Each structure stands twice: as C-alpha cells, then as structure tokens.
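Q: Listed below, chain by chain, are the residues.
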Amino acid sequence: MRNFAAVVLVGVSAVLVPLSADEKKDDPRIALDEVFPDPGSAKYFGGEITLVEHVNRRGILRLDRDGTINKYFWDLPHEFRMLPYGAIYMNGAPAELRDVPIGTHLHGEFYLGPEGDFEVTPPESGYASGNMPRPDLRSVESKYSRVFLLEDDFTFYRRNGSGWKVKEIVDGKNQIVVERVSLETGEVQAGVLKGMVGEATIRLNEGTRCWKGSGYAEIDDLAVGQVVQMNLGWVSLLGTQKQDALARDIWIDEASCQQAEKIQRGRYLAHAKLRGVGAKVMKTEHTPGKGAEGDVTIQLHAGIATELIEELAATKRIVVRAAEPSLRIYDINDKKPATIVEVKRIGNPPTGSSGLEIRFHIYEMFEGLRKGRTIRVANESWDIPVAPREEKLWPNDIRIFEVGPPYINWRDGPPPGVDEEKK
Amino acid sequence: MNFFRLLFLISFLTVSLTAEDKADPVADAVEPFFKEHCIRCHGEDKQKGDFRIDTLSRDFQSGRDTDLWFEVVTRMGAGEMPPDDEEVLPSPEESDFVVGWLTDRIREGEAVRLAKRAPVEHYRLSREEYSNTIYDLLGVEYDTRAPGAFSEDPEWHGIERLGSELSLSPSHVEKYLKAASAVIDRAFPDKEPRKLETHRTALEIDWHNRAKVKELTEIGVAEHVRTLIWADHKLSYLRPHGGHGHSPGLYRARIKVSGLTPEGSRPPHMTLYSKKLDRMIFETDVLAPEDEPVIFEFETYLPDGQVDISINNEVPGPSNSGRSGRPGDFVFTTLDDPKARAPWQRKMTDDEGKPLYPFLIFDWIEWEGPISKPEDLKKREGIFPAENDPQKVKAALRTFAERAWRRPVTDSELGRYLAIINQQIESGAEFRQAYKAGMLGLLASKNFNYLVEGTAGGKRQELNGFELASRLSYFLWGSMPDAALFELARTGELNQPEVLSAEFDRIIADPKIQRFTESFPHQWLQLQKVGMFPPDEKLYPDYDKWLEQSMVLETTKYFEQVFKENSPIGELIDSSWTMLNPRLADHYGLPAPKQAGFQKVSLKPEDKRGGILTHGSILSLTSDGTRHRPVHRGIWVSEVIFGKTPPPPPPNVDAIAPNPIDEPKATIRQKLAAHIADSSCASCHARIDPLGLAFDNYDAIGRWRTEEIVQKGTGANPPVDASGTLPDGKSFADVDEFKQLLAGREKEFAHTLVEKLATYALRRRMAFDDAAEMKAIVEKAKKDDYRLRSLVRELVMSELFLKR
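Heads up: the sequence lines are chains H and L, in that order. Per this note's numbering, the first sequence starts with residue 1, numbered consecutively. Per this note's numbering, the second sequence starts with residue 1, numbered consecutively.
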C-alpha cells in the first residue's frame with residue numbers, strides 16, 4: 001500500500017522523508033539518524049562558521065582553502081546538520097551550537113546524508129560566471145552535510161596533543177609566527193596530520209583576546225618560546241590559514257586553558273540539565289497484555305560530559321522525552337518517568353555512542369520510544385521548568401523561516417511600497 | 001449411629017419430593033421430640049410466651065399454622081429453644097433433624113398450595129414470552145424490557161413463569177394496552193414509512209476530523225481516512241439519519257471495521273449502544289487484521305423519531321484525556337506508519353508493528369430501513385381486510401383472534417370485538433382505525449396475555465389439543481404454536497403419542513428451540529443473579545459487562561450444545577470441553593480462540609474447567625462482589641443439583657467480618673469454621689458447606705487460584721483448601737474429586753432436572769401428586785443414559801405433561 005504519509009500533519013509544510021535504516025545503502029560514508037555510523041568513514045573538513053541555527057543544530061561553514069577545493073569554487077556556503085549523536089566541543093569542553101561564535105574556525109567530521117553521494121555543479125568561473133543563468137552557489141562538498149563532530153581549534157589541537165610554539169613576534173606585535181608542536185614533548189609535529197601543520201603566520205588585531213591564568217592578558221604577555229592555544233578566525237579571507245588567519249583568542253598558559261575549559265563546561269552543564277541529554281533507543285521490549293508498558297534500552301550519545309554520564313549511571317529514576325533528531329523536544333510536559341533496571345558499560349562503543357547503555361522500565365512508552373529514535377534523558381532531580389518557545393515543536397514549529405536572498409537595491413529595484421517616481 | 005442421624009441421612013439422600021415422603025414415617029419420630037423437649041412449657045398445662053405446640057396443625061398443606069411453625073424453626077435453628085436451663089437437652093443432631101424436617105414440610109405445604117389448580121387456571125405470559133408471541137403472531141419486534149415497557153417478572157427460585165407468581169396489577173393492564181396499540185400500528189402503519197439508505201464514513205462520525213473534510217479531500221487523503229477507536233473509548237453519530245427523525249421499524253445495518261488483538265490481551269469488543277433507548281443495538285468481539293476489515297450485518301428495531309447510537313470499544317484501556325492520548329492535528333489512516341504519529345503520543349504498536357492495545361478501526365456504517373421481511377409480511381396476511389365488507393371483516397378478525405388467543409373463538413366472543421369495530425365506524429372513525437380498535441381489544445384481552453387451561457365448571461384433568469399445543473410451544477419455543485400445531489390441535493391428533501413425538505422432533509429442529517436452550521438454563525441455574533452484586537472495581541478491575549454477559553452466554557450455549565448433541569446430563573456436571581469466546585478465554589487464562597463469538601473448545605485437566613459448576617457465571621452468582629461465598633455456593637449446588645433447599649439461617653446471624661488488620665490472614669473457610677463453632681449451626685453447615693468449599697479454588701469472579709487473596713491482615717495470603725467430606729462420609733480433595741462424587745449421583749440430578757423442567761413447562765410448582773410421574777420420567781430416561789434431549793422428550797411424552 002502506498003504510504004500517504006498515512007497520518008497527515010495538517011497545516012504543517014512537507015515532511016522530509018529520509019531513507020530508513022533498512023534502506024541505507026552500503027556506502028559507509030552515509031550516516032543516518034537512526035543508526036550509529038561506520039567508524040572511520042567520516043571526512044574531515046575545516047572551516048569558519050558563518051551561520052548558526054542552534055535550535056535545529058545546523059548551520060553554514062565557509063570551508064578552508066586547504067587545497068582540496070579548486071580555487072574557483074572557494075568560499076561557497078557549506079550547509080550542515082548535526083547528527084543526533086553528533087558532538088560539539090568548544091574550549092575543550094562539550095558545547096551546544098549556540099556556544100560557537102560566528103566566525104569561529106572549526107574542525108569537523110562529516111558524513112554523507114541519507115541522499116547519499118551527489119554532484120554539485122559548480123558555477124562557471126571568470127567571465128562566464130556573470131552569464132550563467134542559475135548558478136548552484138553552494139559548496140561542491142555539500143553532499144557531506146551530516147556532522148558527527150565539530151570542535152574549535154582550541155579543542156581540536158589540544159585533543160591531538162598539539163600546541164603552537166611562538167617563534168617570532170613581528171610587525172609591531174601585529175603578527176606572530178607559530179609552529180605546531182607536541183604538548184607532551186615540545187617537538188615539532190609534522191607529516192600527514194589533520195589541521196594546520198608546520199609554521200604559520202597569524203595576525204593579531206585590537207580584538208584579539210589573550211588569556212593568562214584566570215584572567216585577561218595583554219599582547220605584551222606573549223613571548224617567544226611560549227606554547228599557546230589559539231582560536232582562529234578570518235582563516236580564508238586573503239589566502240590560506242597559514243598566511244592570513246586572525247587569532248581571536250590566545251591562551252598563553254595551561255592555567256588559562258583550564259579556566260576556559262571550566263567555564264565552557266559549566267555553561268554546557270547548566271544548559272544540559274535544563275534540557276536533558278540525547279540518547280538513542282537501541283531496543284524496546286513490551287510486557288504482553290500491558291499495552292505500552294515495558295523496558296527500553298538506550299545508549300547515551302557521545303559528546304555528553306562525563307559528569308552527566310556518571311550521574312545518570314548512578315541514579316534510579318529518570319525522565320525521558322520524545323525528541324527529534326535535532327534533539328528538539330515537543331513540549332516540556334511530554335516527560336515520562338522511568339525506573340532504571342540495568343546499567344551497562346560497553347567496551348569499544350559504536351561511533352556516536354558514549355558507551356553507557358541504560359535499560360529502564362516505563363509504564364507507558366510514547367511513539368518516540370522506538371528502535372533508532374532519539375530521546376532526551378534527564379535525571380529525575382534535574383529541574384526542567386520550561387523550554388524556550390522556539391526550541392519546542394508544540395503546538396507549532398515557530399522556527400520555520402527562510403533566510404532567502406536579501407533585498408539588493410540595484411538588482412531588485414525599489415523595496416515594495418516605495419513609489420517608483422520618488423525613487 | 002443414632003436414629004436421628006440415620007433419619008437425617010435418609011432425608012438428605014432422598015430427593016425432596018418422593019411418593020414416600022407423603023406417607024411420612026418420620027413424623028412419628030418428631031412427635032417424641034416435641035413431647036420430651038417442648039410440650040412441658042408449650043402444651044396444655046403451660047403456654048410460655050402464649051405459645052403451644054401441641055395444638056399447631058400438622059396439616060402443612062393447609063398452610064394454617066405455617067407462620068407459627070416457621071417461628072419454631074427459627075427459634076430452634078438459632079439455638080434459643082429448648083433453653084439451656086432445661087434439664088434434658090437434645091443433641092445438636094436431634095435439633096437439626098427436627099428443624100430440617102419441619103422446613104421440608106413447610107416447603108412441601110407451600111408447593112402443594114401453589115400447585116393447586118382451579119377448574120380454569122390462568123397463566124400469564126412472562127414478558128419474554130409476550131415479546132416472542134408478538135413476533136410470531138405479527139412479525140413485530142416489541143421490546144418488553146425497554147425502559148418504561150413491562151415490569152420485571154417475579155421469579156421463584158429463578159423460574160420466571162410460574163402462574164402463581166405472575167399476578168396482574170392495574171399498571172400491567174395499562175402497559176398491555178399501550179403495547180398492543182404500538183404493535184398493531186407497527187404491523188399496519190397508517191402511512192407508508194419513509195425509507196432511508198445512508199452511508200456514514202469514518203470522517204463523518206469523527207467530530208474532530210469532520211471539519212477537515214475539504215482539506216483532506218484536496219490532498220487526496222480523505223478516502224483513506226479511518227477512525228481509530230481506542231480501548232474504552234467511543235464515538236457518537238452512528239445513527240441512521242443525522243439530525244432528522246426517521247420512521248419506526250426494522251432497520252438493517254452494515255458496518256465495516258477492523259479489530260486488532262495485542263499479544264496477551266483480549267480483542268476489541270465493539271458495541272453499538274443507544275443511551276436513549278437504553279439498549280444494546282449490536283455487539284461483538286472483532287478479530288480482523290488492519291488490512292482485512294470485516295463487515296458485520298445486523299437488524300434492529302428503531303422507534304419513531306431520533307435515536308442516538310454510539311460505537312464503543314468496550315475493553316479496558318487508558319484514558320486519552322491526558323496529553324499522551326491526544327494525537328494533535330494528526331489524522332489516522334493506518335497503524336502501519338509510526339513515524340506519522342506524534343512522538344509524544346502513547347505508543348500504539350511495537351517496533352515490529354504489532355498492536356499494543358485492542359484497537360477498533362472503523363470504516364463506515366450503512367443503514368437501510370424500515371425493512372419488511374417477507375416472512376414477517378406473511379404473518380400479517382389475511383387478518384386485515386382492505387375494505388369494510390362485513391363477511392371479510394368477520395373472517396379476518398376470526399383468523400386473527402384464533403391465532404392470538406391460540407384456540408377457536410366462538411361467535412359470541414368474536415361478536416364483542418366486531419361490535420367495537422362497528423361502534424367506531426358509527427361514531428365517525430375511518431374503517432382502518434375502527435378495525436384496529438377491534439384488534440386492540442383482542443390483543444389486550446386476557447385470552448392473549450394468559451394461557452388458559454381448564455373448563456369453567458368442569459374438573460377436566462387432561463389438556464385439550466389447543467392447550468397442549470400451547471404448552472408444547474411455550475415450553476420449547478417460549479411462544480405461540482405455529483400453524484402445524486394449530487392444525488393438529490384442531491383435528492385432535494396432537495394428543496396421540498406418535499403425533500406428539502413427531503411434533504417434538506419437528507419443534508426441536510426449528511431454530512426457535514434456541515429460546516428454550518437459552519431461557520431454561522437461565523432460569524433453572526438462576527443466571528439472573530450474575531452481576532446482581534457488581535464486583536468491586538478495585539478488587540476486580542478486569543471485570544466488565546461483556547465478561548458478565550460472556551459468562552452467562554457460556555452457560556446457556558453450553559446447555560444448548562449438550563441439548564443439540566443429546567449428551568448425558570453428566571456432561572453438565574463435568575466435561576472435557578466448554579464454550580468460550582475470546583473474552584472468557586482471557587478471563588480463564590486459556591488460549592484465545594482465533595475467531596470472535598462462542599466456540600466449542602477442548603479442555604485439559606490443568607485448565608481446571610469443565611461442567612457448568614466451574615463456569616464463571618455460577619461461581620460469580622454465588623459470590624457477593626467482594627469475596628466468594630462458600631455457603632451460598634453450597635446452597636446453590638444443593639438447590640440446583642439436588643433440588644433441596646436447606647433451612648434458612650436463624651435471624652440476627654452476623655456476617656463473616658473482614659479479616660482484622662493486625663491478625664494473620666485467614667481464608668473464608670477458616671473464618672467460617674470459627675463462625676459456626678456453635679453446635680446448633682455446625683450440623684446444618686456440615687451439610688451445606690462442603691458443597692461450596694469444593695469450589696474454593698475459584699475466586700468471586702470465577703478465576704482459578706491456589707491462594708486466597710486476603711486484603712487485610714498480617715503474613716502471606718493463605719493457601720486454598722478445597723477438600724471436604726459429604727454427609728455420607730465420602731471425602732474429596734479438590735473440585736475434580738468433588739465432581740467425580742457428583743457424577744455418581746446422576747439419578748438424583750436427573751430427578752432435580754426433571755422437576756425443574758416440569759416446573760418450567762407446566763408453569764407451576766411440582767407437588768406430591770406429581771412425584772410418581774416424575775420418577776417414571778427419570779426411570780425412562782435412565783435407559784438412554786439420562787441424555788438431556790431424551791429427558792426433555794420423556795417429559796413431553798409423559799402423563800404429567802398431558803395433564804393440567
């Protein structure tokens with residue numbers, strides 16, 4: 001029987017029906033919301049974030065000019081969506097997309113979406129570009145739209161055991177020359193590594209913030225020989241990262257790094273406890289004759305702070321809510337209490353899983369408690385009094401807007417309502 | 001064993017009404033008791049309390065001193081008499097025997113008085129018989145149980161058709177007139193009824209989605225919309241013609257639905273109910289996969305005007321008033337697409353797509369009517385002349401009168417009704433109305449409402465042909481004789497044994513025999529009492545009306561099956577099969593039948609069922625809605641199986657109190673043992689209680705258990721002990737062994753069954769005079785292993801049946 005979107009959501013625009021888990025192709029590069037993806041099949045991209053739609057966990061990157069993309073197709077918008085189990089880190093701590101300032105340079109692991117592999121016809125270059133009728137103005141790598149991991153420079157390089165050794169301060173303290181070194185040994189790191197490798201000249205300006213200990217520092221506190229961490233911006237404006245990147249923040253010492261991480265962690269924890277954390281439903285078992293009552297097995301997503309994982313592992317009563325793959329909930333009142341029956345730690349967990357598996361008993365499962373679906377889990381003690389209106393999907397999704405092309409005077413004529421003669 | 005004990009055993013082991021009882025050798029044994037223990041204070045010399053026994057009438061049939069004898073029974077039963085300060089006190093067995101003997105005499109006297117027949121005896125039709133007769137006479141369904149229709153018939157030990165019980169009050173007359181008028185108007189309406197044919201879709205009956213018809217049609221979904229009816233939920237607007245009245249009459253409906261049964265649960269139960277009519281229009285379990293809906297067809301009578309009809313899924317289910325029960329703006333088309341349901345909604349299918357609740361899915365309902373069935377129209381032929389031709393009028397009215405009164409009608413009798421017609425015409429009425437007035441008179445007459453037997457001024461014992469025809473048809477069809485029976489009555493052949501035998505065969509082959517197989521067990525087994533004490537909702541949350549109905553249906557259908565197969569009556573006591581529907585299978589914890597409706601299923605010993613004694617109906621009607629009542633179960637077995645009603649309990653006996661909160665939990669049996677520690681109670685209880693304690697493994701709604709759940713008290717729930725010893729010394733360990741003991745007493749059971757059948761058929765209590773003939777019936781039936789149908793045949797062929 002043809003599926004008519006058998007239950008029709010009246011008044012809401014079209015619902016995208018992705019490939020189901022069963023329909024997933026053999027292509028390991030594809031990541032679906034319903035299943036944890038194949039490990040090691042993601043593709044690395046770096047880029048600067050130019051639009052954040054934190055409510056739906058999506059945004060746009062301007063990918064690095066790192067040589068993988070033909071220079072004629074540089075800088076086109078790369079739209080992405082976080083996978084439900086996709087993790088975001090800032091300053092070395094778990095983060096939400098809202099914590100990422102526009103212009104931050106990020107590193108990400110990308111999968112193909114349910115659409116699979118497809119080609120983007122790049123616009124004509126040079127003179128022909130002006131005559132092209134409908135240029136496809138998006139990144140030629142747009143097919144890699146599902147993000148499994150997103151992290152800032154600070155997190156990325158520290159996670160890889162790297163720092164930046166200040167080799168020279170030049171141009172009246174407007175530039176520093178740095179080189180990627182091992183945090184452990186201080187040795188120069190070279191070879192095939194993700195991210196920037198070798199020596200780079202980083203620009204500084206009046207907006208560059210330096211951090212030392214638990215507070216601000218001055219540019220003067222920078223000194224040759226220090227191993228610092230940086231968050232960059234402007235990485236592709238004038239050429240390549242190595243030549244032109246701008247340091248937005250520089251952490252001069254370890255104490256300042258830890259302070260930054262601590263603040264971000266605190267921000268994240270507060271946020272997570274007001275919303276619950278994401279988990280994937282692995283299995284449901286119904287008690288015969290008891291309707292929707294039964295046991296549910298979930299795995300908490302990767303990227304959740306360890307404190308929260310341990311707290312949930314130790315508690316007895318939790319609260320679960322239906323969520324979309326974007327982790328958006330419908331309503332705060334959807335919560336259902338559940339009792340934890342079993343907690344298991346999985347060695348070598350699947351990509352996207354935290355490795356903590358919880359089996360809970362619930363007196364009434366909701367539709368969102370199905371294998372592969374995403375839920376939000378909270379400890380019963382976490383107080384979740386209210387959710388921001390735009391984050392809820394009930395009674396309507398008010399996050400429906402199209403940014404669309406802006407009004408351009410020379411192109412679009414006078415704005416609507418303006419008298420042509422007065423122009 | 002002393003003499004009293006011996007007498008007591010004789011009394012117990014003998015059926016209540018035997019010819020030997022009449023001679024009553026026992027009476028002599030009672031007088032010495034009175035002399036030794038009573039007369040000194042209540043005799044010629046002394047009359048303590050102004051009461052003397054020696055002058056009380058020993059003629060119990062006269063009923064002269066029944067009240068005073070009853071006082072004696074009560075005082076002795078309570079242990080008040082003889083008083084404790086008497087020098088010589090009787091043993092408990094002696095007192096018990098005398099109480100039992102007096103009780104039997106009082107009851108027998110009552111039976112004789114009730115069985116007495118005047119030269120002409122009138123037996124009023126029960127309301128069930130009235131409905132059946134009206135339908136068979138005119139093809140009109142008249143619901144005598146509808147609100148405001150006939151009053152409930154009084155019953156005597158379950159039997160609802162005893163002439164002595166069915167009296168007539170002024171309110172009856174008024175209701176008979178009203179009923180007769182309505183029936184005639186329905187059979188012969190003054191104007192042609194407005195026919196209608198309607199088709200109501202899922203969208204139309206669902207108020208929530210009705211407003212979206214246009215929108216859903218535009219996007220091509222409307223035709224795929226079905227209406228999901230959750231367990232314990234309903235939808236209205238199933239009536240034939242929304243908003244407008246319709247003509248009264250018989251309507252035919254077709255309804256298309258699917259019914260999904262979850263694992264470990266019962267199937268959806270669809271009911272179509274009218275609150276205004278206070279009547280179930282149609283109900284059934286529905287077992288049909290989502291993509292294989294079924295169509296049910298039924299007919300129902302609908303009165304003039306508007307009615308409300310709702311469709312209900314009457315199985316327990318969660319409330320949908322909370323957020324998790326509301327689907328928001330979602331419209332249902334299939335269960336097969338969980339992603340198209342609101343994620344916060346209560347989960348409806350498991351991850352493999354199987355339903356989690358008993359869902360009823362409605363597609364449409366069609367109504368057509370009023371309909372006239374050819375067989376019903378035929379019944380109205382020849383009784384309503386088209387024009388006022390005196391000859392034709394007289395002939396038609398005679399035909400109607402003879403059928404309605406079930407006998408030939410004299411000219412003078414008919415003349416009274418012809419006169420009514422003529423008077424009406426003379427006073428300006430149209431012929432049609434005038435003729436109806438005549439019919440109304442005939443139908444409101446006692447000759448219609450009563451079965452009349454006998455001849456005024458005569459002492460006729462034998463039934464005439466027409467009386468026999470009516471006795472036969474009301475016994476087995478619960479209704480008037482048909483044309484063939486009338487013809488045999490007219491020719492006088494019906495009283496011939498071979499003709500009667502052939503007619504018996506013809507009658508039981510007719511579908512109308514179902515009225516007997518349903519009504520007789522209902523009355524004999526006192527199934528009216530099922531649900532009389534509604535089980536406590538907290539203790540028995542699974543109990544519902546459909547279960548209650550299913551319980552009763554199990555028993556009546558079981559009886560029908562035994563009758564159809566002509567099985568020995570022992571099958572009623574114990575068997576390896578029963579009749580189950582999915583609801584009852586769920587209740588008994590047995591595998592669910594694959595189809596809706598009742599079906600014969602085999603039982604294994606571990607199923608702990610078999611025979612009517614383990615039917616939920618019987619086990620429920622002998623409970624009080626909170627807990628099982630072993631004493632009542634014992635009395636029921638004694639009455640229904642052995643035909644013996646034990647003496648009533650003394651007045652002011654306290655009921656068994658609930659278990660105290662600070663004492664160890666005790667079974668009813670244990671509490672009963674403490675309760676009847678008094679020797680004056682113990683001897684009587686020893687006779688009754690084992691018959692009920694044997695069923696202690698079944699709770700108040702008939703579920704098997706091995707431990708008795710005691711609500712309050714300390715410690716664990718106590719285990720059930722269903723063992724016992726009968727007065728004859730035979731012991732049993734459990735219900736199976738008890739049933740085996742009963743099986744050995746088939747003859748006693750046959751006596752009881754014959755007595756009940758005869759009471760039902762002859763509409764009077766059986767008395768001494770009837771004992772020999774009943775015994776003869778039992779003897780004849782014995783040759784055929786006491787097969788049920790044979791037993792009924794022997795009754796019909798007996799002298800007893802042919803006599804008034």
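Check before you lean on any hint, since a few could be wrong.
What the simulated footprint calls covered on chain H by chain L, stretch by stretch (three residues with Cβ under 8 Å from a Cβ of chain L suffice, anywhere in the stretch; the number is not a length) [what the hints assert, rightly or not]:
{"hint": "1", "stretch": "94 to 107"}
{"hint": "2", "stretch": "368 to 377"}
EDC-like mimics (lysine to aspartate or glutamate), calculated; alpha carbons at most 16 Å apart, straight line [as the list claims (entries may be wrong)]:
{"hint": "3", "chain 1": "L", "residue 1": "747", "chain 2": "L", "residue 2": "721"}
{"hint": "4", "chain 1": "L", "residue 1": "512", "chain 2": "L", "residue 2": "375"}
{"hint": "5", "chain 1": "H", "residue 1": "290", "chain 2": "L", "residue 2": "542"}
{"hint": "6", "chain 1": "H", "residue 1": "273", "chain 2": "H", "residue 2": "380"}
{"hint": "7", "chain 1": "H", "residue 1": "371", "chain 2": "L", "residue 2": "308"}
{"hint": "8", "chain 1": "H", "residue 1": "283", "chain 2": "L", "residue 2": "352"}
{"hint": "9", "chain 1": "H", "residue 1": "290", "chain 2": "L", "residue 2": "290"}
{"hint": "10", "chain 1": "L", "residue 1": "339", "chain 2": "H", "residue 2": "324"}
{"hint": "11", "chain 1": "H", "residue 1": "392", "chain 2": "H", "residue 2": "324"}
{"hint": "12", "chain 1": "H", "residue 1": "283", "chain 2": "L", "residue 2": "283"}
{"hint": "13", "chain 1": "L", "residue 1": "354", "chain 2": "L", "residue 2": "426"}
{"hint": "14", "chain 1": "L", "residue 1": "48", "chain 2": "L", "residue 2": "71"}
{"hint": "15", "chain 1": "H", "residue 1": "316", "chain 2": "H", "residue 2": "342"}
{"hint": "16", "chain 1": "H", "residue 1": "173", "chain 2": "H", "residue 2": "220"}
{"hint": "17", "chain 1": "H", "residue 1": "371", "chain 2": "L", "residue 2": "707"}
{"hint": "18", "chain 1": "L", "residue 1": "354", "chain 2": "H", "residue 2": "293"}
{"hint": "19", "chain 1": "L", "residue 1": "394", "chain 2": "L", "residue 2": "375"}
{"hint": "20", "chain 1": "L", "residue 1": "354", "chain 2": "H", "residue 2": "115"}
{"hint": "21", "chain 1": "H", "residue 1": "71", "chain 2": "H", "residue 2": "115"}
{"hint": "22", "chain 1": "H", "residue 1": "344", "chain 2": "H", "residue 2": "293"}
{"hint": "23", "chain 1": "H", "residue 1": "167", "chain 2": "H", "residue 2": "221"}
{"hint": "24", "chain 1": "H", "residue 1": "143", "chain 2": "H", "residue 2": "115"}
{"hint": "25", "chain 1": "L", "residue 1": "234", "chain 2": "L", "residue 2": "283"}
{"hint": "26", "chain 1": "H", "residue 1": "371", "chain 2": "L", "residue 2": "337"}
{"hint": "27", "chain 1": "H", "residue 1": "371", "chain 2": "L", "residue 2": "350"}
{"hint": "28", "chain 1": "H", "residue 1": "290", "chain 2": "L", "residue 2": "337"}
{"hint": "29", "chain 1": "L", "residue 1": "256", "chain 2": "L", "residue 2": "368"}
{"hint": "30", "chain 1": "L", "residue 1": "276", "chain 2": "L", "residue 2": "308"}
{"hint": "31", "chain 1": "H", "residue 1": "335", "chain 2": "H", "residue 2": "383"}
{"hint": "32", "chain 1": "H", "residue 1": "290", "chain 2": "L", "residue 2": "232"}
{"hint": "33", "chain 1": "H", "residue 1": "283", "chain 2": "L", "residue 2": "350"}
None of these hints come from the bench; they were simulated from the model. Computed from a prediction, not measured in an experiment: that's the story for all the values here. From the three backbone atoms N, C-alpha and C, an ideal C-beta is built for every residue, glycine too.
Q: Now, for every hint given, state plainly whether the structure supports it.
A: Against the structure, the hints come out as follows:
Beta-carbon proximity to chain L at under 8 Å applies to 0 residues in the stretch 94 to 107 of chain H; the threshold of 3 is not reached and the given coverage is violated. With a threshold of 8 Å between beta carbons, the proposed coverage of the stretch 368 to 377 of chain H by chain L holds, since 5 of its residues qualify and at least three are required. Restraint check: the Cα-Cα separation between residue 747 of chain L and residue 721 of chain L comes to about 29 Å, which exceeds 16 Å; the hinted pair is violated. Between residue 512 of chain L and residue 375 of chain L, the direct Cα distance comes to roughly 14 Å. Compliance with the 16 Å bound is thereby established for this hinted pair.
Note on residue 290 of chain H and residue 542 of chain L: the hinted pairing holds, with a Cα-Cα distance of about 12 Å set against a maximum of 16 Å. Distance hint between residue 273 of chain H and residue 380 of chain H is fulfilled; the C-alpha atoms sit about 10 Å from each other, no more than 16 Å. Between residue 371 of chain H and residue 308 of chain L, the direct Cα distance comes to roughly 44 Å. Violation of the 16 Å bound is thereby established for this hinted pair. Distance restraint check for residue 283 of chain H and residue 352 of chain L: the Cα-Cα separation of roughly 11 Å lies within the 16 Å cut-off, and the hinted pair is therefore satisfied.
A distance of roughly 21 Å separates the Cα atoms of residue 290 of chain H and residue 290 of chain L; the hinted pair therefore is violated under the 16 Å criterion. Taken as a hint, the residue 339 of chain L and residue 324 of chain H pair is honoured in the structure, with Cα atoms around 11 Å apart against an allowance of 16 Å. Simply put, residue 392 of chain H and residue 324 of chain H have alpha-carbon atoms about 10 Å apart, close enough for the 16 Å limit, and the pair holds. A distance of roughly 38 Å separates the Cα atoms of residue 283 of chain H and residue 283 of chain L; the hinted pair therefore is violated under the 16 Å criterion.
Distance check on the hinted pair: residue 354 of chain L and residue 426 of chain L sit about 74 Å apart at the alpha-carbon level, beyond 16 Å; violated. Only pairs whose Cα atoms come within 16 Å are accepted, and residue 48 of chain L paired with residue 71 of chain L is accepted, the gap being roughly 14 Å. At roughly 9 Å between alpha-carbon atoms, residue 316 of chain H and residue 342 of chain H fall within 16 Å of each other, so this suggested pair holds. For the given pair, residue 173 of chain H sits about 8 Å from residue 220 of chain H by alpha-carbon distance, which is consistent with the 16 Å threshold.
Our distance criterion of 16 Å between C-alpha atoms is broken by residue 371 of chain H and residue 707 of chain L, whose separation comes to about 40 Å. Proximity of residue 354 of chain L to residue 293 of chain H is assessed by CA-CA distance (about 14 Å); at most 16 Å being required, the pair is judged to hold. Restraint check for residue 394 of chain L and residue 375 of chain L: not satisfied, since their Cα atoms lie roughly 24 Å apart, outside the 16 Å limit. For the proposed pair residue 354 of chain L and residue 115 of chain H, the alpha carbon gap of about 30 Å is over 16 Å, so the pair is violated.
At roughly 26 Å between alpha-carbon atoms, residue 71 of chain H and residue 115 of chain H are farther apart than 16 Å, so this suggested pair is violated. A threshold of 16 Å between alpha carbons decides the hint, and for residue 344 of chain H with residue 293 of chain H the separation of about 22 Å lies outside it, so the pair is violated. For the given pair, residue 167 of chain H sits about 14 Å from residue 221 of chain H by alpha-carbon distance, which is consistent with the 16 Å threshold. For a cut-off of 16 Å, the pair hint linking residue 143 of chain H to residue 115 of chain H stands: about 8 Å separates their Cα positions.
Restraint check: the Cα-Cα separation between residue 234 of chain L and residue 283 of chain L comes to about 13 Å, which is no more than 16 Å; the hinted pair holds. Proposed proximity of residue 371 of chain H and residue 337 of chain L is supported: the alpha carbons are some 14 Å apart, at most 16 Å. Distance check on the hinted pair: residue 371 of chain H and residue 350 of chain L sit about 10 Å apart at the alpha-carbon level, within 16 Å; holds. With a CA separation close to 22 Å, the supplied pair residue 290 of chain H and residue 337 of chain L exceeds the 16 Å bound.
About 15 Å separates the Cα atoms of residue 256 of chain L and residue 368 of chain L, which keeps this hinted pair within 16 Å; it holds. Distance restraint check for residue 276 of chain L and residue 308 of chain L: the Cα-Cα separation of roughly 6 Å lies within the 16 Å cut-off, and the hinted pair is therefore satisfied. Distance restraint check for residue 335 of chain H and residue 383 of chain H: the Cα-Cα separation of roughly 12 Å lies within the 16 Å cut-off, and the hinted pair is therefore satisfied. For the hint pairing residue 290 of chain H with residue 232 of chain L, the CA-to-CA distance comes to about 15 Å; that is within 16 Å, so the pair holds.
A hinted pair counts as satisfied when its Cα atoms are at most 16 Å apart, and residue 283 of chain H with residue 350 of chain L qualifies at roughly 11 Å.
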